[in-house]
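In case you want the letters, here they are:
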Amino acid sequence: MVALGVTPTPRAAYRRSTKESAIEQTDEDLLNAWFCGDAKAFGVFYARHRGRVFRWLVSKGLSSGDADEVTQDVFLNLHARIGGYDPSRPALPWTFSVVRSTWLDWLRRESRQKARSHAWASERSLLGEDVESGEGVLEARLTGAEATATLETALSHLPASTRSLLERRFVAEAPYESIAKETGKSSVALRKSLERALGALRAHFTGKGKKA
Amino acid sequence: MTRNVDPDFKTFVECGAPATSMGEDSVVRRVTRDLVASPFRVALAYVGVSACGYVASLALCAQNDVGILPFSHAVAARMHVIPWPWCPLLCGALFSAVPALLGPFLFTRFQMRFLLTRFWWLIAGLPLLASLVLVATGNNDVHAWFEGGSHVGFSPNLWMILWTAGALGTPWILEGLRAFLLLSRCAKRSESGAADGPQIEGADGPRSEPR
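Those protein sequence lines, which keep their order, are chains A and B. Each residue of the first sequence is one higher than the one before, starting from 1 at the first, in my numbering. Each residue of the second sequence is one higher than the one before, starting from 1001 at the first, in my numbering.
Hints are supplied without guarantee of correctness; some may be wrong.
To be verified - Listed next, the in silico DSSO-like pairs over lysine-lysine satisfying Cα-Cα at most 30 Å (straight line):
(1) A:K181 <-> A:K192
(2) B:K1010 <-> A:K40
(3) A:K40 <-> A:K114
(4) A:K60 <-> B:K1010
(5) A:K60 <-> A:K185
Claimed, not checked - Sample of chain A residues lacking proximity to chain B, with all beta carbon distances greater than 12 Å (derived):
(6) R50
(7) R55
(8) I82
(9) A115
(10) A149
(11) R169
(12) V171
(13) T206
To be verified - Example chain A residues on the side facing chain B (calculated, C-beta under 7 Å, incomplete):
(14) G37
(15) F42
(16) W56
(17) F75
Since the hints were derived computationally from the structure, they do not count as laboratory data. Even glycine gets a Cβ: it sits at the ideal position worked out from N, Cα and C.
Please take these sequences and the hints and turn them into a complete structure.
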């Protein structure tokens, strides 16, 4: 929904902001001038709040590198959302709401990436490949010989067609599309089958398979 | 009465001291590219783009016997078949609509906002200037349409008044509409709830003091 601008009007705010020297402007004036396209206002706002954003992110436990990356994202998000800033409200809380949502987005993205890399490491370890230590992957605790023996036993419990699928995908490293073409399955069904097979192998490694 | 302030926001406010220098961050470059660093340059670019727009318009349809291509005179002849009083209005509108429509393709919305807030007089004055130049350079007496043509019985002066109304009214209406859309604040933005304003308890504090 688009609503009419509330007081102060962008033009009035811009006029005021150009009359005063940039350094004397309030944050609200700077956001208004930024909204009206003034690069100088953005520069002053950035210089004024970059340190604050960075330090807050560090206080939330981010490393200096990550905090720097998120700080950059914060200002890009502010730029994208500047049209949503209501000039009748104070600037700092609005800025903080963008900082916090950017930080939360970053946390979500990071946790998704960690989950993906964890799953990838598990997959590799099931195939007897090297796994970096300290990742919390259960299979990494097995030595190479043990892993190979356990994997062979686990594979022998799987149907021949599933074993063949695993071989094609993880040994021959064939793409999903070509395996799907060969087997006449859809790509989605193939991914599901492989997922189930890996789940069965994982269960065997953790001992659940043996119990069942 | 003490207000319940979000502890995170309190920490944020206390994280205070501004950074001393801006550095050469990529975010500064990316954002500044959208904004206006040199008002003079952007105004000049606007004049240039508008001039190109008027030339393109005259290539599309001849006005006051000024046409860049033979094709433009053919289009003008076809335009004069349109019944009175739409012919002069459409001719004038076509003349000024092309440059007004070019802007959004060549300027970012921030640059357009800057032009609309700071150089509104340029945006309003250019169509006037272009119309005056065209009327001054064009041949206004060759309108055979008034002598046995489709506009027989109508005054050339009235034609000119209507043409000017079309030539000035179209860009002014278009730019006014653009100003309304660009300078309105979005009450709700789909990409983030944060844009609605702070949802922080105790955040309606005083506006920041000048530094």
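Results for each hint:
no., hint, verdict
1, A:K181 <-> A:K192, "holds (16 Å)"
2, B:K1010 <-> A:K40, "holds (28 Å)"
3, A:K40 <-> A:K114, "violated (39 Å)"
4, A:K60 <-> B:K1010, "holds (13 Å)"
5, A:K60 <-> A:K185, "violated (48 Å)"
6, R50, "violated (5 Å)"
7, R55, "violated (4 Å)"
8, I82, "violated (9 Å)"
9, A115, "holds (24 Å)"
10, A149, "holds (51 Å)"
11, R169, "holds (38 Å)"
12, V171, "holds (43 Å)"
13, T206, "holds (40 Å)"
14, G37, "holds (3 Å)"
15, F42, "holds (6 Å)"
16, W56, "holds (5 Å)"
17, F75, "holds (5 Å)"
The structure shown violates the earlier hints numbered 3, 5, 6, 7, 8.
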